[in-house]
Structures are given as C-alpha cells and as structure tokens.
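Asker: So you can see what is in the structure, the chains are spelled out below.
There are 2 protein chains.
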Amino acid sequence: MHTKVKQWIDQNKDDATKLLQKLVQEGSVQENEEGVQELVRAHLEKLSLEVDYWIPCEDEFLNHPYFCATRTDFSKSPNVVGTWKGTGGGKSIILNGHIDVVPAGDLNQWDYDPYSGHIENGKMYGRGVTDMKGGNLSLLLAIQCLKELGVKLKGDVLFHSVIEEESGGAGTLAAVLRGYTADAALVPEPTNMKIFPKQQGSMWFRLRVFGVSAHGGTRYEGVSAIEKAIPVIQTIQKLEKDRNERVDDPLYAKTPIPLPINIGKIQGGNWPSSVPDEILIEGRIGVGPQETLEDVKAEFEEAMRNVEDVWFEKHPIQVEWFGAQWLPGSIDVEHELMGILQDRYKEVIGAEPEIEASPWGTDGGLLTQVGNTPSIVFGPGVTAYAHYPNEYIELEKVFQAAEIIALVIYDWCGSE
Amino acid sequence: MHTKVKQWIDQNKDDATKLLQKLVQEGSVQENEEGVQELVRAHLEKLSLEVDYWIPCEDEFLNHPYFCATRTDFSKSPNVVGTWKGTGGGKSIILNGHIDVVPAGDLNQWDYDPYSGHIENGKMYGRGVTDMKGGNLSLLLAIQCLKELGVKLKGDVLFHSVIEEESGGAGTLAAVLRGYTADAALVPEPTNMKIFPKQQGSMWFRLRVFGVSAHGGTRYEGVSAIEKAIPVIQTIQKLEKDRNERVDDPLYAKTPIPLPINIGKIQGGNWPSSVPDEILIEGRIGVGPQETLEDVKAEFEEAMRNVEDVWFEKHPIQVEWFGAQWLPGSIDVEHELMGILQDRYKEVIGAEPEIEASPWGTDGGLLTQVGNTPSIVFGPGVTAYAHYPNEYIELEKVFQAAEIIALVIYDWCGSE
Chain R
9 MHTKVKQWID
19 QNKDDATKLL
29 QKLVQEGSVQ
39 ENEEGVQELV
49 RAHLEKLSLE
59 VDYWIPCEDE
69 FLNHPYFCAT
79 RTDFSKSPNV
89 VGTWKGTGGG
99 KSIILNGHID
109 VVPAGDLNQW
119 DYDPYSGHIE
129 NGKMYGRGVT
139 DMKGGNLSLL
149 LAIQCLKELG
159 VKLKGDVLFH
169 SVIEEESGGA
179 GTLAAVLRGY
189 TADAALVPEP
199 TNMKIFPKQQ
209 GSMWFRLRVF
219 GVSAHGGTRY
229 EGVSAIEKAI
239 PVIQTIQKLE
249 KDRNERVDDP
259 LYAKTPIPLP
269 INIGKIQGGN
279 WPSSVPDEIL
289 IEGRIGVGPQ
299 ETLEDVKAEF
309 EEAMRNVEDV
319 WFEKHPIQVE
329 WFGAQWLPGS
339 IDVEHELMGI
349 LQDRYKEVIG
359 AEPEIEASPW
369 GTDGGLLTQV
379 GNTPSIVFGP
389 GVTAYAHYPN
399 EYIELEKVFQ
409 AAEIIALVIY
419 DWCGSE
Chain L
9 MHTKVKQWID
19 QNKDDATKLL
29 QKLVQEGSVQ
39 ENEEGVQELV
49 RAHLEKLSLE
59 VDYWIPCEDE
69 FLNHPYFCAT
79 RTDFSKSPNV
89 VGTWKGTGGG
99 KSIILNGHID
109 VVPAGDLNQW
119 DYDPYSGHIE
129 NGKMYGRGVT
139 DMKGGNLSLL
149 LAIQCLKELG
159 VKLKGDVLFH
169 SVIEEESGGA
179 GTLAAVLRGY
189 TADAALVPEP
199 TNMKIFPKQQ
209 GSMWFRLRVF
219 GVSAHGGTRY
229 EGVSAIEKAI
239 PVIQTIQKLE
249 KDRNERVDDP
259 LYAKTPIPLP
269 INIGKIQGGN
279 WPSSVPDEIL
289 IEGRIGVGPQ
299 ETLEDVKAEF
309 EEAMRNVEDV
319 WFEKHPIQVE
329 WFGAQWLPGS
339 IDVEHELMGI
349 LQDRYKEVIG
359 AEPEIEASPW
369 GTDGGLLTQV
379 GNTPSIVFGP
389 GVTAYAHYPN
399 EYIELEKVFQ
409 AAEIIALVIY
419 DWCGSE
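Those protein sequence lines, which keep their order, are chains R and L. All residue numbers for the first sequence refer to this note's numbering, where the first residue is 9 and numbers rise by one. All residue numbers for the second sequence refer to this note's numbering, where the first residue is 9 and numbers rise by one.
Keep in mind that the hints were calculated from the coordinates and are not lab data. Think of the CB as a built atom: it goes at the ideal place given N, C-alpha and C, for glycine as much as any other residue. You may find that some hints are simply not true.
Stated by the list, open to error - In silico lysine-lysine, BS3-like type, Cα no more than 27 Å apart, as pairs: (1) Lys246(L) with Lys273(R); (2) Lys160(L) with Lys14(L); (3) Lys26(R) with Lys131(R); (4) Lys246(L) with Lys246(R); (5) Lys12(L) with Lys99(L); (6) Lys160(R) with Lys93(R); (7) Lys273(R) with Lys273(L); (8) Lys273(R) with Lys354(L); (9) Lys273(L) with Lys246(R); (10) Lys93(L) with Lys21(L); (11) Lys273(L) with Lys322(R); (12) Lys162(R) with Lys14(R).
Stated by the list, open to error - Sample of chain R residues at the chain L side, in silico, Cβ under 10 Å: (13) Phe213; (14) Arg214; (15) Ala222; (16) Glu229; (17) Ser232; (18) Ile238; (19) Leu259; (20) Pro268; (21) Ile269; (22) Lys273; (23) Gly276; (24) Ser366; (25) Ala392; (26) His395; (27) Asn398.
Take the sequences, apply the hints, and build the full model.
Answerer: As structure tokens, then:
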C-alpha cells in the first residue's frame with residue numbers, strides 16, 4: 009500500500025500545488041470565508057463525499073458555555089463537513105482543518121503579495137499557507153489518494169473545514185454540536201512535522217489595578233497605580249513559576265516554560281505630571297492539557313486576591329476573562345492512533361518523529377472536551393511563520409504529511 | 009499708611025470684584041488670551057501706567073535655551089507689561105501674574121459655568137480665578153490703591169500680565185528678554201497665603217524600554233519589555249529616594265517627598281498573547297531650588313544607564329526630555345523683601361505666615377534664573393483647586409493679599 013500511495017501522490021503533486029495556491033488566493037480572514045469554502049465544497053463533491061455546508065446559528069451553539077467569539081452572526085461564514093461513509097465495522101476519524109486565516113498585517117513586511125501563493129525554491133508563500141491551508145491540503149490529498157486507489161474503508165472519515173479557529177474555535181464547536189464527532193481526530197496545524205498528543209489551552213485576562221490621582225509635584229497625596237502594578241506583575245511571575253514547577257509531563261521536558269503566563273499589554277495614566285489612578289494589564293495564561301479552564305481561572309483569581317500589599321484589601325484588583333479562549337486538548341500517548349502515526353511517520357520519513365506538547369491551543373481542545381474525540385496535532389507547516397510576514401510552507405512537507413496521513417487513515421479505519 | 013490702605017480697599021471691593029469677574033469671563037486658554045489682555049491694557053492705561061502690549065516673536069526669544077512651548081506663533085497671544093515709573097533712588101519690583109488658564113475640562117463636573125465668575129458665600133467660581141486671576145487682581149488693586157492714595161514711589165513697579173505660564177513660561181521669558189527685570193519679584197500664584205521663597209522646578213521625561221516580541225505561548229523565545237520596565241521603575245524609585253535624602257533645607261521639613269519623581273504614564277504591548285517589545289514611560293522629575301535642569305538631566309540619564317540588568321548593555325533605555333519644563337526659582341530667606349513681606353503679613357493677618365517651598369514650578373524660576381530677579385511666590389488662591397473643576401477663590405483673601413502687597417510695595421520701593 010505504501011508504494012501505491014507514494015506513487016499516486018508523486019503523480020498528483022502539480023494538481024495538488026495548484027489547489028493549494030487557489031486556497032491561498034482565496035484570502036479567508038474573518039467574515040471572508042465564503043469564497044474558500046465554496047472551493048472546498050466543490051472539491052469534496054468532486055471526491056464524492058457527502059457535503060454539509062451550513063451557516064452556524066443554532067441556539068445550542070450560540071449559548072454553549074465554550075462558545076467564544078467576537079460575533080454571533082456567521083451569515084457570511086459557512087462551515088463545511090465532508091463525510092466519506094465507511095462500509096461499517098471500522099473506527100471513524102475526524103480530519104480537522106480551519107480555513108480562516110489571520111490578517112496579513114503590514115504589507116511592507118511581505119516580499120510577495122500575501123494572497124499570491126507565490127512559489128520559489130519549493131516553498132509556497134502566503135497568508136494562511138502554513139496555518140493551515142497546507143495542512144488541509146495534506147488531508148484532502150490523503151482522502152483523494154485513498155479514493156482513487158479504490159480503497160473501501162470500514163470506518164467513516166469526516167473532513168472538517170471550519171471557520172473561526174483564530175478567534176476562539178466557534179467553527180469546530182458548531183461542527184461537533186452538529187454531531188460530527190468520531191473515535192479520534194487528526195489536526196494538521198503547523199507543527200514542523202512534530203507530533204503533539206497534548207495541546208496547551210489558553211485564556212485571556214484583563215486586570216485593573218487602582219490608585220488615587222494627585223498632582224505629580226505632591227505625588228505623596230495620591231497612590232500610584234503604576235507602583236501598585238509592580239507587585240501584581242511579580243505575583244503573576246511567581247504564579248507562573250509555581251504552576252510550572254508542578255508540570256512533570258515528560259512531553260514538556262524540553263520546554264523552558266511549559267505553561268507560560270504572558271503579560272501582553274499594559275496601559276495607564278495620561279499625563280506625565282499626574283499620579284495615575286488606574287492601570288490596565290492584559291495577558292494570556294496557558295492551560296495545561298489535563299487542566300480545566302475553570303480551575304485555572306480559580307487559581308489565578310486566588311493569586312490576585314493575595315497580592316501582598318494591604319492597599320488591595322480595600323482596592324481589590326479587578327479580574328476579567330475576555331476575548332478568546334482555547335480549551336486544552338489531548339490524547340493518551342499510548343493511544344492506538346499515536347502508535348499508527350509514529351509507525352507510518354518512520355516508514356515515510358525514515359526517522360523517529362519528535363513528540364512534544366504544543367505551547368498553544370488548537371481546535372483539538374474542543375474536539376477532545378466537547379466532541380469527546382481524542383485528538384493529535386501533526387502537520388507540515390512551519391511553526392515560526394504562522395501569523396508572520398512571509399508565511400510559507402515547504403511543498404515537499406505537505407506531500408510527506410499527505411502520504412503519512414493516507415496510510416494512517418488506511419490503518420485506523422480499516423479496509424475491506 | 010496701613011489704615012489708609014485698608015480703608016481704600018474696603019471702599020473699592022465692589023469694583024474690584026466686578027473687575028475680577030470680567031477677567032474670569034474672558035476665558036483665556038492658550039491662543040485665546042487677546043480678550044483678557046485688552047481688558048488688562050485698558051485698566052493699566054486707566055491707572056496711568058506706561059503700557060507695553062506686544063506679540064512675542066523676537067529671534068532671541070524663540071531661540072533661547074529656556075524657550076519651551078508647544079508653538080512658535082503667538083500672534084493671537086499678546087504679552088502686557090505696565091510700568092509705574094518711580095521718582096528715582098528706590099528699589100524696583102516686578103509683580104508677575106500669568107493670564108492664561110488651563111482648559112475647563114469636563115463641564116459635567118462643574119456646578120457653575122466655568123466662565124461665569126459666579127459668586128456664592130464670599131467665593132467666586134471659575135476657571136482661572138484661583139490660578140491666578142485672583143492673584144493678579146490683588147496686584148492691580150495694590151497698584152491702584154497706592155496711586156489713588158497719591159503715593160509717589162521712588163522705585164519702579166513693573167506689572168507683568170503674561171501668557172503661556174501653563175505651557176512652559178514663554179510669556180515671562182519674553183518679558184524678561186524685553187528688559188522687564190527688577191530688583192525682586194512677587195508672583196501671586198495660589199499658595200493659600202503661604203510664602204514660598206523657593207519654588208521647585210520640573211521637567212518631563214519619556215523613556216522607551218525595549219524587548220523582543222514573540223508568541224505568548226512561547227514567550228521564552230522573546231524578551232518582555234514589561235518585565236524589563238520593572239527594574240527601570242525601581243531605579244527611578246531609588247533615584248527619588250537618593251535625591252531626597254540629600255535635601256536638608258528646613259523649608260522642606262514638612263514635605264514627605266520634597267523632590268518627587270512621578271511616573272505619570274505607562275504604555276506598551278498591544279495583544280494579550282504577544283510578548284511586548286516596547287514600553288513607553290512618561291513622567292515628571294522635580295528640580296530643587298538650587299539645582300540646574302542640566303545637572304538633574306545628567307543625574308537621571310546616568311541612573312538610566314546603570315539600571316541593573318545586562319540586557320540594557322545592548323538594548324539601552326532611550327531617554328527623551330519633552331514637553332514642558334519649569335525652572336526652579338528662589339530668593340534668600342533672609343532677603344530684605346522676605347522680611348518686609350512677613351512683617352506686613354503679620355500686621356494685616358495678625359498671625360505668623362507659613363513659609364515653605366513650593367512643590368511645583370512657577371514663572372518665578374525664569375525671573376530668578378533668566379531675569380536675575382529673585383522671586384517670592386505668595387498669593388490668595390486655593391492650591392487644591394488649581395486645574396480642578398469648581399475652581400474658586402475666597403474674595404476676602406484677594407483683598408487681604410492686596411492690602412499686604414500694597415504695603416510691601418510701599419516699603420520696598422520707598423516713597424517721597
């Protein structure tokens with residue numbers, strides 16, 4: 009089978025490259041996903057999958073406790089699921105890829121038009137090519153390969169082409185709530201071909217630290233919120249240290265800070281000669297694969313109640329959880345799918361795969377926790393270029409990932 | 009003489025109150041000083057002073073090292089000096105009051121229209137009434153009183169009605185450079201009738217602390233400018249402590265922090281999940297009465313070069329001096345004018361005056377350092393309401409100050 013798959017992929021690289029280019033050229037930032045999803049729908053129909061193309065709007069979806077989005081109207085943002093029904097008796101798999109991309113940012117920092125899909129030296133450039141349209145293409149190629157080789161799978165293959173991953177995962181939530189779950193899932197986010205059986209979740213926090221205003225010349229008549237912010241920041245640093253000292257998972261052995269707490273923004277005061285009476289601090293806290301969002305929130309809030317300074321007894325720090333959140337995801341490292349993936353990786357690549365835990369959240373968290381579908385993150389994209397100017401992917405990696413994934417599906421779902 | 013002065017002032021309170029009300033009603037924020045200065049000119053002409061009414065625009069003025077303003081065009085902002093020439097052989101005095109006011113701010117926080125000059129329970133309300141049109145009125149009343157009592161002074165009296173004090177003192181600089189200096193000066197800024205023989209100067213600084221951006225999930229790949237800002241803030245706190253430990257002037261005995269360094273603004277980062285690569289810090293440093301701006305700048309910059317963290321060796325903190333600055337001002341506490349003022353204060357008020365050093369700068373700094381005119385700050389306004397909503401002054405204090413100042417002029421300048 010390996011030889012057949014390899015041959016088929018070798019013969020179809022040109023077409024696959026063109027398809028990836030088209031996916032990239034359909035720039036799909038938030039609220040502009042329709043064009044690319046039409047393309048995906050057409051391709052899935054060509055592959056004779058059952059296609060579900062819908063606008064997420066159900067009450068259960070919009071009111072779900074893990075619904076997290078900057079909007080509630082998705083009328084221009086269809087979700088797509090293609091189902092390849094198995095003959096029965098096999099295990100099912102979700103192949104999940106988000107189709108939304110982050111904005112291109114400052115165009116002057118790009119060497120090529122971010123929506124050109126320009127190819128040079130075996131690399132395709134463009135916004136979203138690594139995060140994660142290249143990974144999606146590996147999935148589509150794997151399905152097409154098995155189809156065209158005439159394979160009859162026993163288990164179902166569900167291809168999720170979802171919106172909103174970059175803004176909190178509402179697309180995958182909608183797919184899961186619509187019933188598109190399976191025995192396991194594969195999410196080809198850009199991992200540099202590393203295998204991530206565990207994925208960190210994260211949440212955003214906003215703190216308000218209060219002081220009392222006064223003229224700078226008599227600043228002792230006021231209380232500086234900037235001075236009060238220092239022990240708050242130091243408490244966050246200590247909390248990060250304490251939390252990371254508890255991490256003993258060998259998958260994190262090489263990670264300097266497995267569960268980082270990042271302070272991303274600070275802002276306060278508006279006049280050099282006035283004592284600032286309020287400081288805003290915004291940041292992100294990592295949530296371990298085995299933690300719940302709720303427990304981490306409680307631990308953080310407790311720390312903020314215990315910042316050492318009597319001032320805070322009467323002027324407590326306000327804690328708000330806002331914006332995006334990503335649930336942590338995981339699969340048992342001894343899970344059968346992990347074994348298959350590692351074996352097939354070695355077969356195709358000829359080396360041992362690197363197995364780590366991801367430092368960021370993916371839709372694998374919602375698949376795991378809401379869809380009850382254990383998830384592995386493994387994909388061909390270049391981690392360092394996700395969200396960056398000159399985002400690119402090595403096309404050869406896309407084909408290698410497709411080859412591995414085709415063989416994984418074949419093993420996992422079983423065939424007649 | 010005291011009885012005559014007191015009687016004359018008692019008889020002229022109504023007219024004086026009306027004049028103050030007119031001055032307040034001519035709201036004179038930056039670039040709107042013409043109306044009030046016309047009023048001042050007319051009044052000075054009525055008192056038969058020689059009036060100089062001019063637009064500051066001289067090269068010497070605009071290029072002066074202590075020229076500090078947000079503009080170079082003063083075409084709508086005349087300066088006024090009225091001179092009462094003495095008969096000769098006496099000491100001259102400058103009576104300096106700025107005519108510009110800060111903006112009224114949020115009108116909802118005012119109980120009355122800030123430009124109404126509303127009177128209630130012996131208080132007049134309005135923007136600028138305390139800072140410092142009430143003080144200016146004390147000066148005008150003192151001059152008018154002596155004039156109408158037929159006093160022939162030996163020394164000259166120079167009345168400065170200057171623009172731009174609130175924005176760096178360009179009005180007083182222009183007056184001084186035009187030759188309007190004297191043997192001593194009195195500046196009736198709102199001191200609650202305290203006598204300030206020394207006035208703190210101040211400057212604004214802007215710091216940029218640099219880091220390296222990264223994704224929050226792998227924050228160890230970056231360097232947080234917020235974390236780097238903490239030792240910077242702590243160094244500023246230590247510098248403030250060191251500088252204040254050197255202050256042994258008894259005038260500062262009651263002041264918790266004689267020379268404060270205020271951090272008024274902090275801003276950096278723009279995304280909760282990104283490591284911030286730059287933090288901006290703005291603040292104000294107090295300059296002691298005996299210090300120069302240059303020495304304080306050098307001491308501050310030295311401290312910023314020595315923040316303890318090897319990071320700064322290759323990523324030095326940027327220091328910028330921007331916006332307004334106020335020179336410190338002073339007069340010897342044993343100066344003859346100090347003695348006269350204290351004696352006359354006791355005579356009029358029946359109690360010892362409080363003598364302190366001001367925690368903020370005034371035009372007394374430019375008078376002292378550029379005009380070589382030692383300056384005392386003493387005025388009837390309410391310190392706490394300067395720049396605040398519902399700014400007010402107690403009219404009785406305005407008259408008391410006028411009485412004291414008339415007697416001081418009479419003593420200092422001498423009479424035929």
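Asker: Compare the structure with each hint and give your call.
Answerer: Verification of the hints:
1. Lys246(L) with Lys273(R): holds (25 Å)
2. Lys160(L) with Lys14(L): Holds: Lys160(L) and Lys14(L) sit about 18 Å apart, inside 27 Å.
3. Lys26(R) with Lys131(R): holds (13 Å)
4. Lys246(L) with Lys246(R): holds (23 Å)
5. Lys12(L) with Lys99(L): holds (23 Å)
6. Lys160(R) with Lys93(R): holds (10 Å)
7. Lys273(R) with Lys273(L): holds (13 Å)
8. Lys273(R) with Lys354(L): Status violated; Cα separation ~56 Å.
9. Lys273(L) with Lys246(R): OK: Lys273(L) and Lys246(R) at ~25 Å, within 27 Å.
10. Lys93(L) with Lys21(L): holds (26 Å)
11. Lys273(L) with Lys322(R): With Cα atoms ~23 Å apart, Lys273(L) and Lys322(R) stay inside 27 Å; holds.
12. Lys162(R) with Lys14(R): holds (22 Å)
13. Phe213: holds (7 Å)
14. Arg214: holds (8 Å)
15. Ala222: holds (9 Å)
16. Glu229: With Cβ-Cβ at 9 Å, under 10 Å, it holds.
17. Ser232: holds (7 Å)
18. Ile238: holds (6 Å)
19. Leu259: violated (15 Å)
20. Pro268: Hint holds; Pro268(R) Cβ to chain L Cβ min 5 Å, cut 10 Å.
21. Ile269: Holds, about 8 Å.
22. Lys273: Where the cut-off is 10 Å and the nearest Cβ of chain L is about 4 Å from Lys273(R), the hint holds.
23. Gly276: Hint on Gly276(R): holds, closest Cβ of chain L at ~6 Å, below 10 Å.
24. Ser366: holds (8 Å)
25. Ala392: Hint holds; Ala392(R) Cβ to chain L Cβ min 9 Å, cut 10 Å.
26. His395: At about 7 Å, which falls below the 10 Å cut-off, the nearest Cβ of chain L leaves the hint on His395(R) intact, so it holds.
27. Asn398: violated (16 Å)
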